[in-house]
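For reference, the chains in residue letters:
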Amino acid sequence: MSAAPGDREALKEFRPQRTVPAVIVAALLVALGAVVAAEVISGLFGRPLGWLPVRNLLEWGSTTLWQSPAVLIGGIVVTLIGLALLVLAFVPGRPRMVPLHTSDPQLVIGVRPQSFSDTLAHAAGEVPGVRSAVAALRGRTVAVTATTSGWNDAATGEQVREAVLARMAGLAPVQPYKVSVRLKERP
Amino acid sequence: MNRTTRRGNRLGLALVGLLLIVLGGAAVARSLALMPQNWAPAAEPLVNGPVREFFAFSWAWWLVALGGIVLVVLGLRWLAVQGRRSRLSSLRLDSGPDGVTEISASGVTEAVAAEAAASPAVLSASADLAGSPRHPEVRLRLVADERAPIDEIKDHLAGVAIPHMRQALETDELPAVARVSLKPPSAR
Numbered sequence: 001m002s003a004a005p006g007d008r009e010a011l012k013e014f015r016p017q018r019t020v021p022a023v024i025v026a027a028l029l030v031a032l033g034a035v036v037a038a039e040v041i042s043g044l045f046g047r048p049l050g051w052l053p054v055r056n057l058l059e060w061g062s063t064t065l066w067q068s069p070a071v072l073i074g075g076i077v078v079t080l081i082g083l084a085l086l087v088l089a090f091v092p093g094r095p096r097m098v099p100l101h102t103s104d105p106q107l108v109i110g111v112r113p114q115s116f117s118d119t120l121a122h123a124a125g126e127v128p129g130v131r132s133a134v135a136a137l138r139g140r141t142v143a144v145t146a147t148t149s150g151w152n153d154a155a156t157g158e159q160v161r162e163a164v165l166a167r168m169a170g171l172a173p174v175q176p177y178k179v180s181v182r183l184k185e186r187p
Numbered sequence: 001m002n003r004t005t006r007r008g009n010r011l012g013l014a015l016v017g018l019l020l021i022v023l024g025g026a027a028v029a030r031s032l033a034l035m036p037q038n039w040a041p042a043a044e045p046l047v048n049g050p051v052r053e054f055f056a057f058s059w060a061w062w063l064v065a066l067g068g069i070v071l072v073v074l075g076l077r078w079l080a081v082q083g084r085r086s087r088l089s090s091l092r093l094d095s096g097p098d099g100v101t102e103i104s105a106s107g108v109t110e111a112v113a114a115e116a117a118a119s120p121a122v123l124s125a126s127a128d129l130a131g132s133p134r135h136p137e138v139r140l141r142l143v144a145d146e147r148a149p150i151d152e153i154k155d156h157l158a159g160v161a162i163p164h165m166r167q168a169l170e171t172d173e174l175p176a177v178a179r180v181s182l183k184p185p186s187a188r
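Taken in order, these protein sequences are the chains called F and Z. As numbered in my numbering, the first sequence has no gaps in its residue numbers, which increase by one up to the final residue, 187. As numbered in my numbering, the second sequence has no gaps in its residue numbers, which increase by one up to the final residue, 188.
Since the hints were made in silico from the structure, they are not lab data. It is possible that part of the hints are untrue.
Each computed DSSO-like pair below joins lysine-lysine, with the alpha-carbon atoms no more than 27 Å apart [as the list claims (entries may be wrong)]:
#, chain 1, residue 1, chain 2, residue 2
1, Z, K183, F, K184
2, F, K12, F, K184
3, Z, K183, F, K178
4, Z, K183, F, K12
Where chain Z lies over chain F, by a calculated footprint (3+ residues, C-beta under 8 Å) [as the list claims (entries may be wrong)]:
#, segment
5, 104 to 111
6, 118 to 131
All C-beta atoms, glycine included, are put in the ideal place defined by N, C-alpha and C.
Isolated chain F (complex conformation) (with noise of 0.2 Å):
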């Protein structure tokens, strides 16, 4: 499929926000903060809170070595929940939208996900020989899964796929999707 400008527009707008681990850090930044300068400020003024185990943190470090293994294994733990953050920041996500071609590149179309695999369940649902057909998304794959009664299986499962591409050749989405078809017998 070419590549019409607004594609790149309809692939970030529907981008997910990362809001769920914005959230968290940023109130976990703000707790870490508020604590430490409190606790600090307070003893600063000869009036200690005593929120924090400042005695007993203090008495761990002086005998604690670097090389001990809880040292080793408090960076690796610091070092992997840096790394799962550079991923959720850097790695795109799933987009809550099926961006959809247009014409105009100030127009942004999406299909929401369900719509778009019902609509593709519906249109193998319509395939002479089909009884049901559900149809599910997995990453860039339409699963789709028909019940047929059985007797001609090899030509409907290629009249599904058939009527499956055409009905998502109609939406015209940015990103092409592969269609696997399931038939399950039941006559």
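Please build the complex by placing chain Z on the supplied structure of chain F, with the hints as guidance.
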């Protein structure tokens, strides 16, 4: 949703992630004696002579307190923008010599929603304006007939509804985002 918030969230997560990787990585390196031993020995307690000397100055503790306060301010600011709703309630058209024209967003959005719903493929439509008063953006939510050719909706939006909206707002630039739900015709 809000593009600035999305970019900010990703930037914030990347910065915090990077910081944690640097700190955690340094701790691991020192723990495994990968750092120059005459400078950062592994066989030393976490709180050793130089650390004690540094924190013997009271300004060192003030520095820590300041760091905590900075964290609180940054964190609160980051939290505050999460609730940022970019919905506009009114728009300012180009101000002429005789004053400023302000129009309410609801009139405009109702008009564009009605126009979008005029397409036979569209079962229902609603709209609001987002962005800033100078650079507004239309957000449409459409429920469409899944059997109708979606091209019809695209052409109708790009050819009729959005151009009319541009005229009404006296602007050439008007990005529009439409979120479409599809319904089978029987579920009307």
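Q) Quick check: which numbered hints come out false for this structure? A) As far as the earlier hints go, only 2 is violated by this structure.
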